[in-house]
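S.K.: Spelled out, the chains give:
Protein chains: 2
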Amino acid sequence: MENNDKKSCSLQKAHQIIFNNIERIYNKIILLKEAQQRITFNDVVAVTPQPSFDEATRDGYVISLDLDSEVKTNPFQIIGEIPAGKPYLNTLLPGTACRIMTGGCVPKGSSRVVPFEDCVEQNGTVVVADRSLLTAQTFIKKTGSEIAGGEILVPEGVALQAGHLALLASCGIHSIAVAARPLVGHVCTGSELAATSEGLEFGQKVSSNSFLIEGLLASVGARPVNMGIVRDTEQELRDLFTKVSTGDLDVMITTGGMGPGKYDLVESMFVEAGGEVIFNTIAMRPGKSILFGILNRTVFFGLPGPPYAVRTLLNELVSPAILAMQGAKGSWPKMVEAHVQHQINIKRNEVLRLKDAILTLSKGKCLVRFAGRQEIPNCSMLLPPGQLHYSEGDLVEVHLTNELCAGI
Amino acid sequence: MENNDKKSCSLQKAHQIIFNNIERIYNKIILLKEAQQRITFNDVVAVTPQPSFDEATRDGYVISLDLDSEVKTNPFQIIGEIPAGKPYLNTLLPGTACRIMTGGCVPKGSSRVVPFEDCVEQNGTVVVADRSLLTAQTFIKKTGSEIAGGEILVPEGVALQAGHLALLASCGIHSIAVAARPLVGHVCTGSELAATSEGLEFGQKVSSNSFLIEGLLASVGARPVNMGIVRDTEQELRDLFTKVSTGDLDVMITTGGMGPGKYDLVESMFVEAGGEVIFNTIAMRPGKSILFGILNRTVFFGLPGPPYAVRTLLNELVSPAILAMQGAKGSWPKMVEAHVQHQINIKRNEVLRLKDAILTLSKGKCLVRFAGRQEIPNCSMLLPPGQLHYSEGDLVEVHLTNELCAGI
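Chains A and B, in that order, give the protein sequences. So the number in our numbering is just where the residue sits in the first sequence, counting from 1, plus 627. So the number in our numbering is just where the residue sits in the second sequence, counting from 1, plus 627.
By construction, these hints were calculated from the structure, which means they are not laboratory data. Be a bit skeptical, because a hint or two may be false.
All copies of an identical chain are treated as equivalent in the list; a pair is satisfied when it fits inside any one copy or across any two copies.
Unchecked claim - Listed next, the in silico DSSO-like pairs over lysine-lysine satisfying Cα-Cα at most 27 Å (straight line):
no., residue 1, residue 2
1, Lys990, Lys961
2, Lys961, Lys992
3, Lys713, Lys735
4, Lys889, Lys634
5, Lys915, Lys990
6, Lys640, Lys961
7, Lys974, Lys870
8, Lys769, Lys713
9, Lys870, Lys660
10, Lys768, Lys889
11, Lys974, Lys769
12, Lys915, Lys768
13, Lys990, Lys640
The structure displayed is predicted, hence computed values, not measured ones.
This is chain A alone, in the form it adopts within the complex:
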């Protein structure tokens, strides 16, 4: 293809194209305790039912009624005590009882647990109140009554939270198959960039995008590989793309070098290295300068330089791609509708615009406003082309970022 060709598409189409070009990553078996935020590779089913034995739900006496006898079995002969964790492995015979603690294992032959307050112990026997024999509540949680063995606990494609881990642990799961973490290389391009402010020379800038990328990628399960800074020269970009095409990265991201200027060499050097450009502009702002392509088996995103554009495009396209690679179910970025908090007037709007914005929840409503200077946005507000005026309270589409919680 010619380097100057513009392969344009809509945001929606861009999503489709990206998903069609992504292969699902392999799985890894890891210990459950290391699985927080990892994405399940299969449906995860209960190994053991819950509870895994008939369990007493009160401190009291577990008794065995003689159901064949017409004679009242009261009192019951106390034959022992069952603390939690120490099961009585014999069958409880009719007319006998054991002291039992909450969580204790109810033996075979048991009829019900009678709480201490309904019992009187005397001379090695226990008399239980008649009414406690009549209630439907037996204070026994039956094996499997909460979760049956084999029941699906967490479906495939779910990012595991602490609550999931506790649930899985309680159902006998010790290790689990999760999607591997995609290896995502990133460089910032620009001869003016330095990795850190230490020893920064006049005219140089700190490559702040690498901080943005490392942080945002980690939140979607990627293993970021900071490949440093690449200067705007053919040779350095050639070396970079050679490394990428012969390496084992799942995804490569560059920032900068995507403009029309003579030092904007990312696209041409990507093509020279054998990269296939799938689209190189989206009918959206930011998005005028974005390259999506494939280089050998590595998915490539060439992002523009400005941090605002990097953040927005990471959230809109790169993060969803990385989640899709891991088989995550659901659609990203998460879309909600919110009410415009302050009236908006814009002068012109020829393409879809995504504006850094702040979503807040107030009195049952979702409100959204443009982010202020230096304010970290928790969403993007979508302004479709042509619409120049928004009144307070109008509903607009909003795409959430992974950093949502901090801002609410």
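Chain B: place on chain A using the hints.
M.R.: Same frame as chain A, but now just chain B:
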């Protein structure tokens, strides 16, 4: 104090008491790139202004007009080229020009940048269009025009997100003072508990609360220390509290052993070890069995055993305490109001109840419903005492969990 004393308080009062008993933790200076999610110890100010030099915002020619001369200076003599990152350190003399790239450093003496499309280069000079000399837009972003040196970028007590790190990096910050991570020990008490399902014996249960605690604590910046399982014996609890009272934990959490039963020994052994019980019941469910106290310099939370209660109380009390220790500003858990999604009828409600719930955002509204079986809640719905009926659409108070985002 007597072991049977009930020191009761409201949820609001419990928060106050906890905050009054917490000391702010020391700070640590760490590298910016390791500071994600850490909490700022001081206001963080810009070391360098932004931009840190007069910066070209277009590819073009930077020119120096002779303002004293009546004669038009056009054309300008081209004396060199200024790529990004390579400043021209001399003063640009009237009547001269340099090629400059976006992001390039505008030399002293410059009047404006004229984009390439408004210039014609010939014989070592450049002729610029007259109109481009008259526009207010100079295509020079002046030093400090975005951020002044010394300006506060992030105030004290903020959990740093990727966006913050990028902002700080661009303003010359290389390392940063953050609150140290509180050291939080935790054990699950219960003779029936095992750490893992491997080799689980009949009648035993996996200590699933430890998974819940490790995960939830990490999300508020704590360093969790899993101290394993402690059986319901005086000796094991005595050993535990001895270890705590002589150790360097900031916070200690136990789960289980808080009931009225004969194996519920946590409170008595805490007191025997010299622990001061500050409250041991909250007028709320869950919360009937919770102990808050101090043992030497360690803040102690004795939580009940059921996972639902552990999760709720971690979110309501323990996480806010750990954030407060780190000096985090704001109030936790985050409170919002939401509309009841389905009508609710409850039979009786004598104390404040916190119910596991799911918050969703739909068409500009916050909706809340009870969480289903095995569903991981993203909030608690607060049901104040006395109110037994909620119609669809009624506003209720909701406390968000740190795992909010996953559920929206």
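S.K.: If a hint holds in the structure, say so; if it doesn't, say that too.
M.R.: We went through each hint and held it up to the structure:
For a Cα distance limit of 27 Å, the shortest separation of Lys990 from Lys961 qualifies both inside one copy, at 22 Å, and across copies, at 13 Å. Both within a single protomer and between protomers do Lys961 and Lys992 lie at most 27 Å apart by alpha-carbon distance, with minima of 17 Å and 15 Å respectively. Taking CA atoms no more than 27 Å apart as the test, Lys713 paired with Lys735 passes inside one copy only; the shortest distance there is 14 Å, against 84 Å between copies. Only within a single protomer do Lys889 and Lys634 lie at most 27 Å apart by alpha-carbon distance; the minimum there is 20 Å, versus 74 Å between protomers.
Proximity of Lys915 to Lys990 under the C-alpha cut-off of 27 Å is found in neither arrangement, the shortest distances being 38 Å within a copy and 30 Å between copies. In the homo-oligomer, the alpha carbons of Lys640 and Lys961 lie at most 27 Å apart inside one protomer (17 Å), although the nearest pairing across protomers, at 37 Å, exceeds that limit. Taking the closest pair of Cα atoms, Lys974 and Lys870 never come within 27 Å of each other, the shortest separation being 45 Å inside a single copy and 67 Å across copies. For a Cα distance limit of 27 Å, the shortest separation of Lys769 from Lys713 inside one copy, 17 Å, qualifies, whereas the shortest one across copies, 76 Å, does not.
For the identical chains of this complex, Lys870 and Lys660 are inter-copy neighbours only, at 25 Å across copies versus 35 Å inside a copy, given an alpha-carbon limit of 27 Å. For the identical chains of this complex, Lys768 and Lys889 are inter-copy neighbours only, at 21 Å across copies versus 74 Å inside a copy, given an alpha-carbon limit of 27 Å. When the C-alpha separation of Lys974 and Lys769 is checked against a cutoff of 27 Å, the pair qualifies only between copies, where the shortest distance is 25 Å, while the shortest distance within a copy is 68 Å. When the C-alpha separation of Lys915 and Lys768 is checked against a cutoff of 27 Å, the pair qualifies only between copies, where the shortest distance is 22 Å, while the shortest distance within a copy is 61 Å.
In this homomeric assembly, Lys990 and Lys640 come within 27 Å of each other (Cα to Cα) only across copies, at 24 Å, whereas the closest approach inside a single copy is 36 Å.
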